Amino acid sequence: MLIITWNIYHGTLQGHTLPAHAAAGLAAAQPGATIADRLRYILTIGNHHNVDMICIQEIRKADIRAPGGGAHPVHGALPAASPAGAVLAASGLAYSGYCFDSENNPTGAGYATTQDAYLFLFRNATFPAGVNAAGTGYYNPAAFNVGGFIYLRPPAGISITDVAGTVYRIYNWHADSAAAHANISVGILSGLSGGFAANTIIAGDFNVRGDLTGIGIANPFPACDNYCDQFVNATTGALFWGLDHIVTNILTGNAVLGAELNFLSDVHAPVAADL
1 MLIITWNIYH
11 GTLQGHTLPA
21 HAAAGLAAAQ
31 PGATIADRLR
41 YILTIGNHHN
51 VDMICIQEIR
61 KADIRAPGGG
71 AHPVHGALPA
81 ASPAGAVLAA
91 SGLAYSGYCF
101 DSENNPTGAG
111 YATTQDAYLF
121 LFRNATFPAG
131 VNAAGTGYYN
141 PAAFNVGGFI
151 YLRPPAGISI
161 TDVAGTVYRI
171 YNWHADSAAA
181 HANISVGILS
191 GLSGGFAANT
201 IIAGDFNVRG
211 DLTGIGIANP
221 FPACDNYCDQ
231 FVNATTGALF
241 WGLDHIVTNI
251 LTGNAVLGAE
261 LNFLSDVHAP
271 VAADL
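In the working numbering, the protein residues as written are 1 to 275.
Treat the hints as calculated values from the structure; they're not laboratory data. These figures come from a predicted structure and were not determined experimentally. One or more of the hints may lead you astray.
Claimed, not checked - Label-pair ranges, simulated between beta-carbon atoms:
#, residue 1, residue 2, range
1, Asn-140, Asn-262, 31 to 39 angstroms
2, Pro-128, Leu-251, 21 to 29 angstroms
3, His-72, Thr-12, 22 to 30 angstroms
4, Ala-36, Pro-73, 21 to 29 angstroms
5, Ala-22, Gly-108, 46 to 54 angstroms
6, Thr-213, Ala-112, 21 to 29 angstroms
7, Thr-12, Thr-213, 51 to 59 angstroms
8, Ala-164, Ala-77, 33 to 41 angstroms
9, Pro-67, Gly-258, 34 to 42 angstroms
10, Ser-91, Pro-128, 12 to 20 angstroms
11, Gln-14, Ala-112, 23 to 31 angstroms
Just so you know, even glycine gets a beta-carbon here, dropped at the ideal spot from N, CA and C.
Model the full structure from these sequences, guided by the hints.
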């Protein structure tokens with residue numbers, strides 16, 4: 001399974017463009033200022049490479065909600081009338097969307113309460129039955145309650161079965177951005193990783209760089225592979241690791257598409273793995 005994760009960034013990036021990709025039908029640089037621009041672009045690149053799953057963090061709630069107000073489900077199919085749904089429909093691509101209405105911990109007030117949501121875009125040919133009701137939801141949110149008053153963000157995930165009958169648990173995650181709380185969150189998830197179901201994938205913005213040892217654990221996620229990209233500082237030429245990761249207990253994969261995913265939202269480039 002080929003998966004991409006990207007923190008799409010919830011704001012407007014004035015003057016921002018995304019690189020041409022002639023093989024994907026994008027002969028010239030593309031607009032990238034808005035969430036719709038960036039969503040349209042990652043869908044086009046993903047479709048060109050037959051990507052099976054695209055995990056999007058930091059998309060605004062307003063972009064995954066149908067207009068008109070009222071109550072919104074905690075998670076469910078991406079509404080066709082939502083702005084993101086309109087982008088997907090206009091693309092004409094054979095993908096479906098599934099979204100979580102909040103990145104926050106559902107068991108209490110989030111430490112950093114956001115207006116952001118999660119979006120999964122999956123290839124219909126790979127996952128013809130769509131999302132499974134059983135196994136879909138936030139991952140152990142009570143474990144991310146620190147001291148009874150700090151409710152850190154847990155991963156939010158779907159159970160989904162591919163055409164061959166393999167069941168995956170795929171989680172979107174945008175860890176709390178304060179360094180201390182990101183370290184705590186990643187440490188909590190690492191401690192839970194031995195209990196992951198088979199074929200679990202955690203994809204997103206961990207707000208911790210590189211091999212994740214910066215959280216103070218010598219061997220985080222000991223039974224998992226960690227995919228994270230390196231970049232070059234344009235000023236100093238020094239290499240540095242990104243904040244975005246794919247962590248999985250599928251141990252037969254490879255990092256892919258690094259040369260083609262050389263574009264940013266604000267400080268986030270996509271990460272891809274073939275698992």
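Hints, one by one, checked against the model:
One distance hint, 31 to 39 angstroms for the beta-carbon pair Asn-140 and Asn-262, holds here, with the actual separation near 35 angstroms. Taken as a hint, the range 21 to 29 angstroms holds for the pair Pro-128 and Leu-251, whose Cβ atoms sit roughly 27 angstroms apart. Checked against the given bound of 22 to 30 angstroms, the beta carbons of His-72 and Thr-12, roughly 23 angstroms apart, stay inside it. In this structure the hint that Ala-36 and Pro-73 lie 21 to 29 angstroms apart at CB holds, the actual value being about 22 angstroms.
Look at Ala-22 against Gly-108: about 49 angstroms separates their beta carbons, and that is inside 46 to 54 angstroms. The hinted range of 21 to 29 angstroms is satisfied by Thr-213 and Ala-112, whose Cβ atoms lie roughly 24 angstroms apart. Take Thr-12 and Thr-213: their Cβ atoms lie about 35 angstroms apart, and the range 51 to 59 angstroms is violated. Between Ala-164 and Ala-77, the C-beta spacing of about 23 angstroms breaks the proposed range 33 to 41 angstroms.
At roughly 38 angstroms, the beta carbons of Pro-67 and Gly-258 sit within the given window of 34 to 42 angstroms. Roughly 19 angstroms separates the CB atoms of Ser-91 and Pro-128, a value that falls within the hinted 12 to 20 angstroms. A C-beta distance of roughly 25 angstroms is found between Gln-14 and Ala-112, which places it inside the suggested range of 23 to 31 angstroms.
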